[in-house]
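Trainee: Protein chains in written order, with this note's numbering: chain A, 8 to 163; chain B, 8 to 163; chain C, 8 to 163; chain D, 8 to 163; chain E, 8 to 163.
Mixed in with the good hints there might be a few duds.
Stated by the list, open to error - Chain D regions said to be covered by chain A (calculated; three or more residues, Cβ under 8 Å):
id, stretch
1, 15 to 24
2, 83 to 89
3, 97 to 107
4, 125 to 138
As the list claims (entries may be wrong) - Label pairs and their computed distance ranges (CB to CB):
id, chain 1, residue 1, chain 2, residue 2, range
5, C, 162, A, 110, 26 to 32 Å
6, E, 162, A, 160, 53 to 59 Å
7, A, 114, B, 77, 17 to 23 Å
8, C, 124, E, 116, 28 to 34 Å
9, A, 34, B, 64, 31 to 37 Å
Said to hold, decoys possible - With the C-beta cut set under 10 Å, the calculated list includes, among others, these residues of chain C facing chain E:
id, residue
10, 85
11, 100
12, 127
13, 129
Simulated from the structure, these hints should not be mistaken for lab results.
Because the structure is a prediction, the values reported are computed rather than measured.
C-beta atoms are modelled at their ideal positions from N, C-alpha and C, and glycine is treated no differently.
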Amino acid sequence: MIERIYGVADTTFSRVNMGEIAIKVIRKEDPDSQISRYTVPGIKDLPVAAKKLIDSGCNGVITLGWVGKTQLDKYSYLAASIGLIFVQISTSRHVIDVTVHEDEAEDEETLREIAIDRAKKHSVNLVKLIKDGGNALTEMAGKGLRQGYSNAGSID
Amino acid sequence: MIERIYGVADTTFSRVNMGEIAIKVIRKEDPDSQISRYTVPGIKDLPVAAKKLIDSGCNGVITLGWVGKTQLDKYSYLAASIGLIFVQISTSRHVIDVTVHEDEAEDEETLREIAIDRAKKHSVNLVKLIKDGGNALTEMAGKGLRQGYSNAGSID
Amino acid sequence: MIERIYGVADTTFSRVNMGEIAIKVIRKEDPDSQISRYTVPGIKDLPVAAKKLIDSGCNGVITLGWVGKTQLDKYSYLAASIGLIFVQISTSRHVIDVTVHEDEAEDEETLREIAIDRAKKHSVNLVKLIKDGGNALTEMAGKGLRQGYSNAGSID
Amino acid sequence: MIERIYGVADTTFSRVNMGEIAIKVIRKEDPDSQISRYTVPGIKDLPVAAKKLIDSGCNGVITLGWVGKTQLDKYSYLAASIGLIFVQISTSRHVIDVTVHEDEAEDEETLREIAIDRAKKHSVNLVKLIKDGGNALTEMAGKGLRQGYSNAGSID
Amino acid sequence: MIERIYGVADTTFSRVNMGEIAIKVIRKEDPDSQISRYTVPGIKDLPVAAKKLIDSGCNGVITLGWVGKTQLDKYSYLAASIGLIFVQISTSRHVIDVTVHEDEAEDEETLREIAIDRAKKHSVNLVKLIKDGGNALTEMAGKGLRQGYSNAGSID
Numbered sequence: 008m009i010e011r012i013y014g015v016a017d018t019t020f021s022r023v024n025m026g027e028i029a030i031k032v033i034r035k036e037d038p039d040s041q042i043s044r045y046t047v048p049g050i051k052d053l054p055v056a057a058k059k060l061i062d063s064g065c066n067g068v069i070t071l072g073w074v075g076k077t078q079l080d081k082y083s084y085l086a087a088s089i090g091l092i093f094v095q096i097s098t099s100r101h102v103i104d105v106t107v108h109e110d111e112a113e114d115e116e117t118l119r120e121i122a123i124d125r126a127k128k129h130s131v132n133l134v135k136l137i138k139d140g141g142n143a144l145t146e147m148a149g150k151g152l153r154q155g156y157s158n159a160g161s162i163d
Numbered sequence: 008m009i010e011r012i013y014g015v016a017d018t019t020f021s022r023v024n025m026g027e028i029a030i031k032v033i034r035k036e037d038p039d040s041q042i043s044r045y046t047v048p049g050i051k052d053l054p055v056a057a058k059k060l061i062d063s064g065c066n067g068v069i070t071l072g073w074v075g076k077t078q079l080d081k082y083s084y085l086a087a088s089i090g091l092i093f094v095q096i097s098t099s100r101h102v103i104d105v106t107v108h109e110d111e112a113e114d115e116e117t118l119r120e121i122a123i124d125r126a127k128k129h130s131v132n133l134v135k136l137i138k139d140g141g142n143a144l145t146e147m148a149g150k151g152l153r154q155g156y157s158n159a160g161s162i163d
Numbered sequence: 008m009i010e011r012i013y014g015v016a017d018t019t020f021s022r023v024n025m026g027e028i029a030i031k032v033i034r035k036e037d038p039d040s041q042i043s044r045y046t047v048p049g050i051k052d053l054p055v056a057a058k059k060l061i062d063s064g065c066n067g068v069i070t071l072g073w074v075g076k077t078q079l080d081k082y083s084y085l086a087a088s089i090g091l092i093f094v095q096i097s098t099s100r101h102v103i104d105v106t107v108h109e110d111e112a113e114d115e116e117t118l119r120e121i122a123i124d125r126a127k128k129h130s131v132n133l134v135k136l137i138k139d140g141g142n143a144l145t146e147m148a149g150k151g152l153r154q155g156y157s158n159a160g161s162i163d
Numbered sequence: 008m009i010e011r012i013y014g015v016a017d018t019t020f021s022r023v024n025m026g027e028i029a030i031k032v033i034r035k036e037d038p039d040s041q042i043s044r045y046t047v048p049g050i051k052d053l054p055v056a057a058k059k060l061i062d063s064g065c066n067g068v069i070t071l072g073w074v075g076k077t078q079l080d081k082y083s084y085l086a087a088s089i090g091l092i093f094v095q096i097s098t099s100r101h102v103i104d105v106t107v108h109e110d111e112a113e114d115e116e117t118l119r120e121i122a123i124d125r126a127k128k129h130s131v132n133l134v135k136l137i138k139d140g141g142n143a144l145t146e147m148a149g150k151g152l153r154q155g156y157s158n159a160g161s162i163d
Numbered sequence: 008m009i010e011r012i013y014g015v016a017d018t019t020f021s022r023v024n025m026g027e028i029a030i031k032v033i034r035k036e037d038p039d040s041q042i043s044r045y046t047v048p049g050i051k052d053l054p055v056a057a058k059k060l061i062d063s064g065c066n067g068v069i070t071l072g073w074v075g076k077t078q079l080d081k082y083s084y085l086a087a088s089i090g091l092i093f094v095q096i097s098t099s100r101h102v103i104d105v106t107v108h109e110d111e112a113e114d115e116e117t118l119r120e121i122a123i124d125r126a127k128k129h130s131v132n133l134v135k136l137i138k139d140g141g142n143a144l145t146e147m148a149g150k151g152l153r154q155g156y157s158n159a160g161s162i163d
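Produce the complete structure using the sequences and hints provided.
Mentor: Written out as structure tokens, the structure reads:
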């Protein structure tokens with residue numbers, strides 16, 4: 008049996024411990040796996056964390072970022088997103104990017120629920136892609152799935 | 008006869024199964040071809056999907072993305088677009104990018120029609136470029152062609 | 008005599024056949040040259056077209072893009088511009104970028120004139136740089152030259 | 008005992024000598040280390056400074072940038088951020104990015120306090136990551152830590 | 008004595024001959040140096056000009072760009088800035104970027120003064136970095152230096 012290694016990169020900036028949630032879900036979805044965690048200060052540090060996790064042998068990585076409310080935070084989100092995409096295309100490895108924006112909800116409870124739901128669903132997505140490859144999610148293609156919110160659904 | 012391999016990368020975020028449409032069109036336009044499909048959660052995962060399809064031998068790829076309405080979705084679109092362009096220039100392979108923006112139309116029916124038309128027309132474009140090379144579309148250069156909408160036309 | 012090869016990359020999205028204009032000008036300015044043309048659907052496909060033209064031996068390339076009016080079109084312009092710059096710096100070859108924005112003029116006739124003027128002037132620029140090198144334009148440095156509009160002029 | 012080398016890159020544009028602060032903190036946190044400093048004019052010069060520090064053997068780098076108030080300054084911030092992320096992912100080394108925006112506070116005293124607090128806290132973060140690796144900050148993951156401001160705190 | 012080679016890249020779009028100013032200052036500041044000049048149409052051509060100057064042996068480069076007033080010009084500025092940063096981090100060479108924005112001043116005389124001051128001061132910065140290395144500017148770190156305007160000063 009091939010044992011898979013997953014990377015989990017999270018931040019101290021985040022207000023929810025999404026890294027812990029991701030680890031629990033991955034462990035449940037793929038018991039024959041190892042998990043490496045890497046914690047950095049903020050989202051702009053996530054690309055190098057993902058890169059170092061892949062360098063160390065991870066087959067795929069999930070990053071768990073939290074973004075503030077200002078326009079500058081959004082530029083940081085853009086820069087980090089570009090970086091995470093480049094880590095992926097230069098290594099041909101998935102880095103599933105969970106991001107929660109502080110202005111997605113007006114109260115902290117809703118924000119917490121978004122973070123938990125998004126971290127859980129994308130952890131499952133990562134395991135499916137790493138374990139079963141590029142057709143693992145095809146059954147759900149075009150179905151309007153959402154993470155952090157209820158599904159939008161298909162309009163086919 | 009040289010057999011071509013096409014890659015089709017789509018998402019579970021999309022509300023229309025554009026991957027299926029692309030496969031049908033490619034099969035019709037180029038019966039002597041193989042098609043590989045790769046489904047990912049969202050647009051920011053499309054660049055690595057395209058890269059992995061090219062790694063596996065695809066001569067060209069079509070990606071089928073769906074983008075939400077918020078400014079953050081637009082930044083994600085920008086990051087994904089930059090990534091898709093880099094996959095292309097680092098591999099010298101075409102990755103034709105079909106993107107539908109949820110705010111392109113006010114009702115779902117119109118949105119669905121845009122998605123179908125765009126996916127179909129760009130699938131034909133991809134096959135033409137891969138089968139017949141850089142002059143395959145030259146007859147239509149400057150003609151104001153549109154995908155998802157009716158053509159704007161030439162003003163020559 | 009060294010024969011130069013120029014690449015001309017244009018789109019079917021464009022409403023003016025700028026590729027044809029560029030070819031005419033290059034042929035007149037540098038009769039001892041070959042020209043390769045590559046036509047793609049839209050601006051986001053231009054970076055890979057330029058890359059493939061350089062791969063095939065072109066000493067320099069001119070790309071002729073047309074951009075729509077929406078904010079999304081502008082993000083596509085930004086992504087394409089970054090891609091075109093990376094093609095250049097990774098190959099050390101010039102890719103002169105002619106872009107016409109649909110909202111540069113209120114009527115089609117003016118837009119057509121902008122497109123023609125810009126394509127012509129930049130075709131001359133490309134030939135000068137490829138034939139005569141980095142000092143070919145130095146006499147005009149700081150002169151406030153414009154393409155598509157009348158020159159702004161020097162304020163020295 | 009392995010001796011670590013830290014890089015400190017700062018600017019003449021900055022209105023607070025954050026480089027000096029970073030050096031003091033690093034020296035205190037990791038007495039068995041060497042520190043190299045590199046001063047450049049502004050934020051857009053920081054990526055190459057970080058790259059040169061890593062080329063010269065630094066195990067990790069902290070950059071200390073200051074950004075003006077205009078939209079153009081913000082685009083420069085975005086370009087610099089993308090560059091800093093690419094230095095990291097192409098070298099697999101951390102470059103912790105301290106940035107102070109001139110419009111973060113209305114008076115100079117507050118701005119100075121933000122700069123000092125951010126430089127100090129991120130210097131500690133850098134040392135922890137370089138000395139103790141990717142789990143050094145895990146105890147604080149999801150705790151809503153802030154640099155330059157008081158912590159937002161966890162909402163778990 | 009080691010002879011240094013400086014690159015000067017400027018544009019025909021610029022309304023002030025900043026390349027000439029840079030050459031004069033560099034010659035005065037570092038008489039034992041050679042200077043190569045490369046003139047291109049506009050800012051988006053500057054990254055490849057800088058790359059070609061470095062390819063030809065320049066130890067450092069100054070680019071002198073001029074940017075129009077529209078939002079599109081600003082996106083071009085952003086793309087060019089990202090490109091200039093990548094030239095630097097992929098070659099580990101400084102490319103000091105002088106940019107003048109047409110909307111920085113209301114009258115041409117002020118604009119001209121900004122351009123001259125910025126070109127002069129950054130030419131001196133380049134020479135210092137190339138001749139004396141990463142500590143050449145450290146004495147001025149955090150001093151709030153400005154180019155094109157009077158210094159903001161330290162708030163330490």
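Trainee: Against this structure, judge whether each hint is valid.
Mentor: Status of each hint after checking the structure:
Coverage of the stretch 15 to 24 of chain D by chain A is violated [criterion: at least 3 residues with CB-CB distance below 8 Å; count 0]. Evaluation of the coverage hint for the stretch 83 to 89 of chain D: fulfilled, as 4 residues show C-beta separations to chain A shorter than 8 Å, against a requirement of three. Coverage of the stretch 97 to 107 of chain D by chain A holds in this model, with 6 residues showing a Cβ closer than 8 Å to a Cβ of that chain against a need of three. Only residues whose C-beta sits within less than 8 Å of a C-beta in chain A count toward coverage, and the stretch 125 to 138 of chain D has 3 of them, enough to reach three; the restraint holds.
The hinted range of 26 to 32 Å is not satisfied by residue 162 of chain C and residue 110 of chain A, whose Cβ atoms lie roughly 44 Å apart. For the hinted restraint 53 to 59 Å between residue 162 of chain E and residue 160 of chain A, the CB-CB distance of approximately 54 Å keeps it satisfied. In this structure the hint that residue 114 of chain A and residue 77 of chain B lie 17 to 23 Å apart at CB holds, the actual value being about 19 Å. Checked against the given bound of 28 to 34 Å, the beta carbons of residue 124 of chain C and residue 116 of chain E, roughly 29 Å apart, stay inside it.
Taking the beta carbon of each, residue 34 of chain A and residue 64 of chain B are about 34 Å apart, inside 31 to 37 Å as hinted. Hint status for residue 85 of chain C relative to chain E: holds, with the closest Cβ pair at about 5 Å, below 10 Å. Below 10 Å, beta-carbon pairs count as interface contacts, and residue 100 of chain C has one with chain E at about 7 Å; its hint therefore holds. Look at residue 127 of chain C: its Cβ only gets to about 13 Å from chain E, farther than 10 Å, so that hint breaks.
A cut of 10 Å between beta carbons decides the hint on residue 129 of chain C: the least distance to chain E is about 7 Å, and the hint holds.
Checked against the numbered hints above, the structure violates hints 1, 5, 12; every other hint is satisfied.
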